[in-house]
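**Student:** Numbering of the sequence shown is given in numbering that gives the first Met the number 0, commencing with residue 0 and proceeding in unit increments.
Don't read these hints as lab results, they were simulated from the structure.
All clues stand as given, with none of them false.
Straight-line Cα separation of at most 27 Å, DSS-like style, residue types lysine-lysine; simulated pairs:
1. Lys-127 to Lys-98
2. Lys-60 to Lys-127
3. Lys-98 to Lys-60
4. Lys-32 to Lys-98
5. Lys-32 to Lys-60
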Amino acid sequence: MERRNMQIIDYFACNDQPHWRAAIADNEWRAAKYLARLLTNSQFHQEVGEGTVYLLTDGDKLVSFLTLAERDCVDVPYTPWIGFVHTAPEYRGHRHVGKLIDHACAVAREHGAVRVYLATDHVGLYEKYGFTYLENRVSVYGEESRIYIRDL
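Whole structure, please, built from the sequences with the hints as guidance.
**Tutor:** Below is the structure:
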């Protein structure tokens, strides 16, 4: 896939929120639809605390997105969290989301964090982005979730 104009955008600081919200919602992944609903209903911060959504865009196309937030789907005292990590199928296999993860980690470090956390059911995916498995916990949805940590 040809890369035209890839850039990282902070959803809450951009001028085209309806376009990007629709791009997030136009997704088979249930969690993406949930994130789009939180954004549409202005409930994002109520759900995850302080945080934002970072978008990796290719012109007007959404390549990847993730959140950097105070809370995630696991009720533990760790913070901050990288969550809702997704890459559009046509952009997979090129580690584009790594750019977003590195950006989110840099922002977290600028705000004083010494590590970030990530909850997932994937095994072997986030290790290539510098994460280390920490433990399993049950999510607020009652599902087993793997907790990963990345030192900053």
